[in-house]
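**Q** Read off the chains here:
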Amino acid sequence: MTSILRALLLGSAVAAAAPAMAENLKIGILFGFTGPIESLTPPMADGAELAMKEVSDSHLLRGGDTVTAVRGDSTCTDASAATAAAERLVTVDKIVALVGADCSGVTTAVLNNVAVPNNLLMISPSATSPALAADTDRGLFFRTAPSDARQGELLSKVLIDRGIKTAAVTYTNNDYGKGFADSFVAAYKAAGGKATLVIPHEDGKADYSAEVSALSVAGGETLVVLGYADQGGHGIIKASLDSGAFDSFAVGDGMHSEKLTADFGPGLKIFGTVPWTVGDGATKFAALAKAAGKKADSSFVRESYDAAALILLAIQKAGDPAKAAQHVMDVANGPGEKIYPGELAKALKILKDGGNVDYVGASDVQMIGTGESAGSYREFENKGGKFETVRMLTAE
Amino acid sequence: MTDLLNGLIHLTSMLVLPGLAYGSQLAFGALGVTLIFGVLRFSNFAHAEGMSLGTAVCILLTLWLQGKGIALGPLPTALIGMCLAVPVMALVFIGTDRALYQHFRRINARPEVFMIVSAGVMLIMNGAIRLIVGPDGREFEDGERFIVTAGGFRAWSGLAEPLVLKTSQAMTIGLALAVGFALFLFLNRTRSGRSMRAYADNRNLALLSGVDPDRIVRLTWVLVAVLSVTGGVLFGLDKGYRPFVYQQLLLPMFAAAVVGGLGSPLGAIAGSMIVAFSELALTFAWKKALGYLLPAAWAPEGLMQFLSTDYKFAISFLILVVVLLVRPAGLFGKPVK
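Taken in sequence, the protein lines are chains G and W. Sequential numbering from 674 applies to the first sequence in my numbering. Sequential numbering from 1445 applies to the second sequence in my numbering.
These are computed hints drawn from the structure, not numbers from a lab. Some hints here could point you the wrong way.
Residues of chain G clear of chain W, computed beta-carbon distances all greater than 12 Å [stated by the list, open to error]: (1) K726; (2) D738; (3) V765; (4) D766; (5) D810; (6) G812; (7) E826; (8) N846; (9) L888; (10) D915; (11) D920; (12) G992; (13) D1026; (14) F1060; (15) E1061.
Short derived list, chain W residues pointing at chain G, Cβ under 8 Å [what the hints assert, rightly or not]: (16) K1683; (17) F1728; (18) L1747; (19) K1756.
Only a predicted model underlies this, so the values are computations on that prediction, with no experimental measurement involved. Positions of the beta carbon are idealized from the N, C-alpha and C atoms, including for glycine.
Please put together the full structure from these sequences, using the hints given.
**A** Structural data, given as structure tokens:
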């Protein structure tokens, strides 16, 4: 008994005496591994772990630290389960930062109940609700996905630029749809457009002719559908075409699916906005993921890699994980050497030598405002059954 | 004159035709519900899932037929698939009855017990559908989708308002008339139909008169199979097949059967039309129609919508509650003394 105690004491004394010794940093990954987006989360977690492995293998983080990922289940919908999982990650696993959470609702809960009280840096790759931009996070929360509010503004710009001054709007009745519709309508009105009617639609219904009939009575040059291509949005377009109510549709990212043109014919008049990355970052990440045998083209995988990479670079810049949050903006934005996926070792070295980096990453990270990615979008349009890029819309 | 025509066309296209089609689809379901209630004496909660399963079987058979290159020209191939699915579903229903309901009939279980058993059957069928076709929606309509298209009608008539008539709508209304008529002939004119009604009216008296109860039960399930497969397939053709939206039909179907009086086939049809038109008319935006039909000075400003479309389901509930309070036996039911 005494000998064990002595050994323990000795061990802690050694650890305290040698702060420069390599540590094992634990980073939490809190995604909904069960629940409505369970098919998306495994590739996302793989993406985040890819960045951690890259840093860990380089032995360049601080005093040659290694990084271990600890996964937790956010369930995507159950705030209390997500909070409990995050609590466990902090108290039991002793994580120093968190990649996550995924869905906007649980992310808000974890941020307020766990991250803020514990001074924990959180970077979410996929929470897009505009409500998260509110400045109550004490500088601890960032996201590598752009807010839906941003897309609402850009979609409104697309309509105005096309000379469409009146439009009826329907959105899927959840946080995503409501936030998107609110920001779109506000921006559209400000730019001189008129939303004749704004109504929600429920997903999973058999028949949307009642909604479409109300929208058509209100009128408008085009119908703005902010929903999902395999859910209510599909039904709305079908009912509109069937009844001859609308023949042109403006849509958001949830409706970016060529299944629509397959179902309704290549002549379908549809255009809209979708987050889109072109350039070296995406290509380099695809090659990196392929070499590791992971999926690169699933939703939010690139953003997950970037979230983990930003956390680790910020820790390197700060030297102390507890102060990393103050340096996320520094490493995410310029000036400095541009860092692409697979170049994390180079970035760690530059930071170690006191230099600056401008992390570009897989999703072309550019942080704006209260710590969200500006995002780049493309305006797309159906041309003969294929969605083609009209132009890229980037942050101004 | 043009305004009047426009207004009437608008109402026909947006309200009357969809209402008739939806009412007919409900009627197929409500007839099945009322038949089971009348003859087998229980509320079948699994009815909507039965319709969905029947449609799923029909879709598989339709795909097989399409693979063989069989088509009906302008009509959907699903019509043949539907005929083939009926015997399959009849076997499924009779098998379910043999495995479950028969036992509870034999021990003279109370109707509530049957109801709970049917809820169990609903869950099992729900799982079976997931296994057979999966949870995703699918389109299985082929042939000519429209009889009258919006663009075609506008060009032909020169009116501002389009008239739309879908093949599936016309087929639904036509088949509802035909099947309804055939059902009445069967129940009123044939020996089997009469013994079924006798069994429904007074089970003991019918048994004493030599009616074979097992035969009546089998016959009922066969009729239910015809009604639910036809109704399910027509609903799927009209709105696109999604396996689990049929559950949402359960409440309007029961509301329709109760409004008409449980156990009364005529009542089920009338009740279905009442429920369908109430749902549509109360959530319909009347602005355009009134704008055409009223003098310009009276044209309304707002949408003239009594209820938001979100409340569509609440209307069946409302009708159900009002009927149970005011006339519990329904329009065509026999009041219990």
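**Q** Please go over all the hints and tell whether each is borne out by the structure.
**A** So, going through the hints one by one against the coordinates:
The beta carbon of K726(G) is kept farther than 12 Å from every beta carbon of chain W, the shortest such distance being approximately 35 Å. Against the 12 Å criterion, D738(G) stays outside the reach of chain W, whose nearest CB is about 45 Å from its own CB. With a closest Cβ-Cβ approach of about 36 Å to chain W, V765(G) is found to remain outside the 12 Å limit, as its non-interface label requires. No Cβ of chain W comes within 12 Å of the Cβ of D766(G); the nearest lies about 35 Å off, and the non-interface call holds.
Annotated as non-interface, D810(G) keeps its C-beta farther than 12 Å from every C-beta of chain W; the closest such distance is 34 Å. For G812(G), the shortest C-beta to C-beta distance to chain W comes to about 40 Å, beyond the 12 Å cut-off, and the non-interface label holds. Every C-beta of chain W lies more than 12 Å from that of E826(G), the closest at about 27 Å, which supports listing it as non-interface. Here N846(G) does not stay apart from chain W, with its beta-carbon only about 8 Å from theirs, under the 12 Å limit.
Against chain W, the non-interface label of L888(G) is violated: not every CB pair exceeds 12 Å, the least being about 9 Å. Against the 12 Å criterion, D915(G) falls within the reach of chain W, whose nearest CB is about 6 Å from its own CB. With 12 Å as the threshold on Cβ separation, the claim that D920(G) sits away from chain W is violated: the shortest Cβ distance comes to roughly 9 Å. The non-interface label for G992(G) is consistent with chain W: the shortest C-beta to C-beta separation is roughly 51 Å, beyond 12 Å.
For D1026(G), the requirement that its beta carbon stay farther than 12 Å from each beta carbon of chain W is met, with the minimum near 54 Å. Every C-beta of chain W lies more than 12 Å from that of F1060(G), the closest at about 20 Å, which supports listing it as non-interface. Consistency note on E1061(G): stated as away from chain W, and its beta-carbon is indeed over 12 Å from all of that chain's, at 25 Å minimum. Look at K1683(W): its Cβ gets to within about 4 Å of chain G, closer than 8 Å, so that hint holds up.
Taking 8 Å as the C-beta cut-off, the interface hint given for F1728(W) holds, the closest approach to chain G being about 6 Å. The criterion of a C-beta within 8 Å of any C-beta in chain G is met by L1747(W), whose closest approach is roughly 6 Å, and the hint holds. Annotation: K1756(W) was flagged as interfacial toward chain G, and the flag holds, the nearest CB pair being 6 Å apart, inside 8 Å.
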